[in-house]
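**Q** Sequence:
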Amino acid sequence: MSERLSLKEPSGANPAWLAVPLVVLALVTLTVGLVARQTVREPYATPFFHPFFTDTLQMKAWLVTAAVVLACGQLLTAARIYELLRFPPKGRFYTSAHRWSGRAAILLTLPVAYHCVFMLGFSTHSPRVLIHSLLGSALYGAVVAKVLIVRSTRFATWVLPVAGGLLFSIHLGLWLTSALWFFTAAASAT
Numbered sequence: 066m067s068e069r070l071s072l073k074e075p076s077g078a079n080p081a082w083l084a085v086p087l088v089v090l091a092l093v094t095l096t097v098g099l100v101a102r103q104t105v106r107e108p109y110a111t112p113f114f115h116p117f118f119t120d121t122l123q124m125k126a127w128l129v130t131a132a133v134v135l136a137c138g139q140l141l142t143a144a145r146i147y148e149l150l151r152f153p154p155k156g157r158f159y160t161s162a163h164r165w166s167g168r169a170a171i172l173l174t175l176p177v178a179y180h181c182v183f184m185l186g187f188s189t190h191s192p193r194v195l196i197h198s199l200l201g202s203a204l205y206g207a208v209v210a211k212v213l214i215v216r217s218t219r220f221a222t223w224v225l226p227v228a229g230g231l232l233f234s235i236h237l238g239l240w241l242t243s244a245l246w247f248f249t250a251a252a253s254a255t
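Take the sequence shown: its position 11, counted from the start at 1, is 76 in the working numbering, and no numbers get skipped.
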């Protein structure tokens, strides 16, 4: 068997196994959404730990921006691992960089998620906020589903890149509906 990973290579995987990460994605997403929906607080009434930043919104915007930069690194290293990019030269570095940048990206989102779920809650007062709430609820469901796919050998080879692409898309959507909004609002205020 070739060392090259292929999205086209046949796999004896049973398609029924796709239900497992999809159900996990749905359950985690619903749980996070329901917990966030039960949060009824005045936004920012309780101060939140935000070292090195002037306020909580600034902390959230910068942490999510760093997570999206790492997610872009994930996209590039995955493209190199799957040999969709022919440069730079091959090496084991890409696998390690991919794993650690993913871990770091999720770690950076934890304080943001805590604040969003337990201090702000799920909100629907504008289309931007509704989309952000939906994507935020789905983020950790997608993370858990991807981890299940990574740790199993029962899935077709195309499933992992699709799960990674979904996770990247959720990260990017969260950044577009939060940090980009924050930075453009801050720029227009000055």
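Since the hints were derived computationally from the structure, they do not count as laboratory data. Quick reminder that beta carbons are idealized off the backbone N, C-alpha and C, glycines included. Treat the hints with care, as some may be off.
Claimed, not checked - Computed spacing ranges between beta-carbons, pair by pair:
| hint | residue 1 | residue 2 | range |
| --- | --- | --- | --- |
| 1 | 95 | 151 | 24 to 32 Å |
| 2 | 87 | 169 | 33 to 41 Å |
| 3 | 156 | 191 | 44 to 52 Å |
| 4 | 155 | 250 | 37 to 45 Å |
| 5 | 176 | 88 | 39 to 47 Å |
| 6 | 179 | 250 | 20 to 28 Å |
| 7 | 99 | 165 | 28 to 36 Å |
| 8 | 250 | 81 | 41 to 49 Å |
| 9 | 91 | 219 | 17 to 25 Å |
| 10 | 146 | 85 | 39 to 47 Å |
| 11 | 119 | 156 | 36 to 44 Å |
| 12 | 80 | 250 | 18 to 26 Å |
**Q** Which numbered hints are broken by the structure, listed smallest first?
**A** Hints 1, 2, 5, 10 and 12 contradicted; others consistent.
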